[in-house]
Amino acid sequence: MTILTQLKEQITAQLPKLDMVIGWERGYDALHATPLFMRSVEDVERLQIGPLAVHNTATYLTGLKNKKVGLVVKGCDSRAVIQLQQEGLINRENVVVFGFPCDGVVDLTKLRHHIGDIGRVKEVKASSSELQLTLDGQEQQVTLADVLADKCTRCRFPNALVHDHFAGAPREAHAASDDYADVQAFESQPLEARFEHWKQEMSRCIRCYACRNACPMCVCRDHCVAQSRDPHWVTQEDAVREKWLFQVIHAMHLAGRCVECGECQRACPVDIPILALKRKLNKEIKEVFNHDAGVDPNAIPPLLSFQVEEENINERGW
Amino acid sequence: MAEAKFIANDKLTAWLDELSATMRVLAPARQGDAVVFAPYVAGQNVELGQEATAPPKSAVFPASEDLLRYDYRKNPEDLGQVDVELFPTITPEPTLVFGSRPCGARGFLIFDRVYDGAKYKDPYYLARREATVFATIACLQTENACFCHSVGSAPGDATGSDLLLTPLDDGYAVEAVSKKGEALLGSSLLAAGKKKAAQAKKLREQALKDMGEPQDFGPAKDKLLALFDDMGFWEDVSAKCISCGACTYLCPTCYCFNITDENAGLTGRRVRSWDNCMSFQFTLEASGHNPRPTKAHRLKNRVGHKFSYYPALHEGIIACCGCGRCIKSCPVSVDIREIVTKAMAHEPPAVEEAAK
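Chains A and B, in that order, are what the protein sequence lines are. According to this note's numbering, the residues represented by the first sequence are 1123 to 1440, in order. According to this note's numbering, the residues represented by the second sequence are 4 to 359, in order.
Looking at chain B on its own, in the form it has when it is part of the complex (with noise of 0.2 angstroms):
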């Protein structure tokens, strides 16, 4: 890798107008009172001091998107007769997310799996994925709802990231992590860095230290699946859900998609928007039985996605980064920690004595 390089936080604004000259630029920006990743334009404040109210994911995954256009032809002939011509629409835009935290950048790894499995390709994801980079900033305080260290990652966790941005007093170090991060060094506002890098190494370290010891959630992969039937145990830990969505909408590991076809007449595009295991329509059949019916049922396949099913098939890797946003934005503030920590604990009632 390129040798670690250092922007001076005077020139953090001109280095940003000149990545945005040639590729469109996320940046965290404050909209009212919160913060979300928005197109960064030449001059503009930059909220990097704080997690972001939002994760970067709609960089890659957006809230919606058109798979496709499609346009009804009838046979000025034969009324009868209509004939649908489809035009296709992938167009992805290079695009660096700059800002983000380890847990936003890392959230594509749990992605990657399933939209570029050995089975399955998604071509619509495939294709921003690989025009997306990733300029992250490690964090040096974590936040009361902050767990990456109990899911595999640290605040200083570069895995998934292009660059990795850590901050100084008088600038960030800069270290590339990737080519396609290396490529973005050849600005001639950066200053040599290495003693820089090995400063900011010992800052990253000291934040992992002052987040305690990481819980162990391996155990919870087979002890959700054994709690799968315990109704009682899953009516109980999601009792003060309100079964929103706020929690699947701002994790950065949350896929799941729905399909609609938005018609306007004779066009009408065929659109994949965000959907939640949180809401009824989920897994609303077309016969009308829904097999999740109530929230209990469904905040069980939440927790269990992340924290059994989901390992189960990917090698024991768990499908959270840890970033506590579905903790801290929680209207009613449930905790999924809590949830996974009593699964782990649950024993089941002993099962009477077969009659002596």
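Chain A on its own, in the form it takes in the complex (with noise of 0.2 angstroms):
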């Protein structure tokens, strides 16, 4: 039995005790899938998995209270729903996890790379090591590592942390650990050079939000700082200056709490690389108390406990 199906199977008969069950479906084109919500029999008949189900469908959950919610998982999804039920930001008993283990999705930007424009692609047939396209009556092979999302070149965690249903037979991570080298190449530049790169990257930003509104972790929403008329912190302009300020809140907002399924990035409709800001973050907390956010539903994220003395913070010695 393959994955999918053992995966329909096990949906079908959780789905008379849930309200619905989140997953994906084939979009509005081959290459794009979409979320897909599912209340009936008929809707988990059109679930697909694979390279192309990107989305993170923990997104949806912090909108969903009160709702008994059924939601298919990759590893990073999974790593969400614990660092939601770490914040208490959801009742873990109304959320029954499908997790399966995901061989890793597609970066569209990526593709877009090797093949050009990929508005036109017309099918696609994926195998677990490549993409097979047909784009302007041709056929094309695109080597799946090629295409890959950074986060899952680099993942821990490939199969579901956690789960109440598993589908498969759980895979090897790609990685023991992560080293953050992107980061470290990236402060190696002098600091008017990384200036200089935010500015650029920033000033084509079109304050859309879409980071804002794929970050399963963003749970302020309609409250948003960004928004906000009274208090008016920042201000309604187009400038680089707003832009970068408010990347940079929702960066500290996260601190320990991102659990890099990069949603920020890939939403982004020009193509801002704003993840490196999360992992900056992410290196700091790693150093410093030696956290991984949403790995173990017991932990505490460190910024929102408090000790007299941190032991890898020398307070008395400055």
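Since the hints were made in silico from the structure, they are not lab data. Any given hint could turn out to be false.
[To be verified] Keeping only pairs whose Cα atoms sit at most 20 angstroms apart, straight-line, the calculated SDA-like set for lysine to any residue is:
1. Lys1244(A) / Gln209(B)
2. Lys224(B) / His152(B)
3. Lys1187(A) / Gln209(B)
4. Lys1189(A) / Gln1170(A)
5. Lys183(B) / Leu287(B)
6. Lys1232(A) / Gln53(B)
7. Lys1244(A) / Gly215(B)
8. Lys1189(A) / Ala299(B)
9. Lys1402(A) / Asn1434(A)
10. Lys345(B) / Glu1147(A)
11. Lys1402(A) / Met1374(A)
Bear in mind the structure is a predicted one, so any value in this text is a computation, not a measurement.
Put the two chains together into one complex, using the hints given.
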């Protein structure tokens, strides 16, 4: 039995007890999957998994309070469930998690680098090692490893870390640890160059806040500091200063909470590489508190707790 | 109109250099992994091969603009008395938008009916609109998300443009559509192109054929209105929406704005900035009441505005140019075509027969 068939059976069996189960289905074309809200057995038939099922299903959880929700999750999605549970933002009893072993997902921006315009792809066949695309009447092969999202190439948790049902056999992780080599490489540049990088990247931001709304940990939503009129913390101008301020606030609020699912960056319509900001803060949290967000349901995020003396902060030596 | 012209590929940069010497030229430029309209700098590469990630909307309708500046002045004799001095700020710059697609230029026709209407005239919009010229490139290949032919347009539609360029193997056929466009054809870099124009016309017609049968969204006007109170329908179609504003800010026809006073001590600016109906604050009233409290209410407005309320006010014209950016740039691939089609096919549940 394939993993998908097994998942469908598990979901069908649980569906009568749930308001909905969230997974993925084919979107408006062969290259785009889209979140699927399953409420009936017919809906379950449309379920798809695989390298195009990019969205983090846990993003919807906090908007569905008081509902019984089933979630189909990849490893990174499951970390968001754990993190939300740690912070008391969801009632775990109302959530039924369907896990499966994830082979990684495609970064469509990377795919664009390989095949050019991705807007005219007519057919996609995915195997565990490559994508076969039909574009302008021609078939093209792309090696999956070349277009995997960066988060997948360093993935430590391909299997759902928390699950009530699991389909298939757990797979091995790509990596045993994350050395934040990308962050270190960026940090080796002079301060001016780094600031210039962000000024340029942020200049095309359209302030749509897709990064915020796609983030499973961004839970203020309708009351966000970026749009609050009273107090009016951030102006409504189309200025790099304001856009940058928001990104810094966003990153700070996610320190030690960000599960690095990369949804902020994937959602950005103008491809601003903003996951780097969150990774930088997670790197600091790892060094100071040895904490990984969304791994252990019983852990407490370091910035949500208090100790008179932190082990790795030499307060008295200053 | 003037006779059709032709610009060879190897002369395009020189022509842009020439044009940018007399006016601001906005052209699609690669920034990171996106293509956005940016001020053209002589010699720079322009990305004309694909539809830009963001449309040229901000050329006429900036993401934020000062409506006025103000200074507060305290009376030294009576500190309780404060005067305010206002400074108007309309300063349009002659602008050429080069390399937009027909949908991007046509979007402003939807704006015109609102900001240049019989009842209201928006001086800021009008000044910029008047100062802007569009040299548009016809699409010979369309993307999966494109549906301009279903909203009264076509991949070679020149409506709303001043010049229409059609890509050929060795260059572009250049045809004037308006007097403003004609005035740009004086360059010696342009060759005569009557034959090229005939070839271009055939290519444009083929591109339209390649798009297949258009959808008829006409019936949506009444159907969407009939669904106004059916929140079950709207909750269903908006379930996956994450209620960000990417669709509206990337839309060439979305024209809603917010006005805020941005103060700094005794001076300040009254800023008009893009706003969007996907945002909770959009309809949040001072009392704290919000008539559109959920994303279902908000998505209903976006779809309804484009395919029902606007057409009802403007001779059936749909407030959508079919560029497909709201579909292809949506983080969760919400497809407005699918929602409108569902609405048109929706049959209200049969009312149970009254007690016999």
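20 angstroms Cα cutoff - pair lysine 183(B), leucine 287(B)
Violated, at roughly 42 angstroms.
Decide if the proposed pair is consistent with the structure: lysine 1187(A) and glutamine 209(B), CA atoms, cutoff 20 angstroms inclusive.
51 angstroms, violated
Given the hinted pair lysine 1244(A) and glycine 215(B), is their Cα-Cα distance within 20 angstroms?
Roughly 14 angstroms between the alpha carbons, so the hint for lysine 1244(A) and glycine 215(B) holds.
Holds or violated: lysine 1189(A) to glutamine 1170(A), with C-alpha atoms at most 20 angstroms apart:
23 angstroms, violated
Under the criterion that the straight-line Cα-Cα distance not exceed 20 angstroms, is the pair lysine 1244(A), glutamine 209(B) satisfied?
Measuring from Cα to Cα gives roughly 19 angstroms; hence the hint holds.
Is the straight-line distance between the alpha-carbon of lysine 1402(A) and that of asparagine 1434(A) 20 angstroms or less?
Status holds; Cα separation ~18 angstroms.
Between lysine 1402(A) and methionine 1374(A), is the straight-line Cα distance small enough, at 20 angstroms or below?
The given pair, whose Cα atoms are some 10 angstroms apart, holds under the 20 angstroms limit.
Take the C-alpha atoms of lysine 345(B) and glutamate 1147(A), compute the straight-line distance between them, and say whether it is at most 20 angstroms.
Satisfied, since the Cα-Cα distance of roughly 17 angstroms is no more than 20 angstroms.
Could you grab the alpha-carbon distance between lysine 1189(A) and alanine 299(B) and see if it respects the 20 angstroms cut-off?
Holds: lysine 1189(A) and alanine 299(B) sit about 17 angstroms apart, inside 20 angstroms.
Restraint check for lysine 224(B) with histidine 152(B), where alpha carbons must lie at most 20 angstroms apart
18 angstroms, holds
Are the Cα positions of lysine 1232(A) and glutamine 53(B) separated by 20 angstroms at most?
The hint holds at about 17 angstroms.
Figure legend: structure checked against the earlier numbered hints; hints not met, in rising order: 3, 4 and 5.
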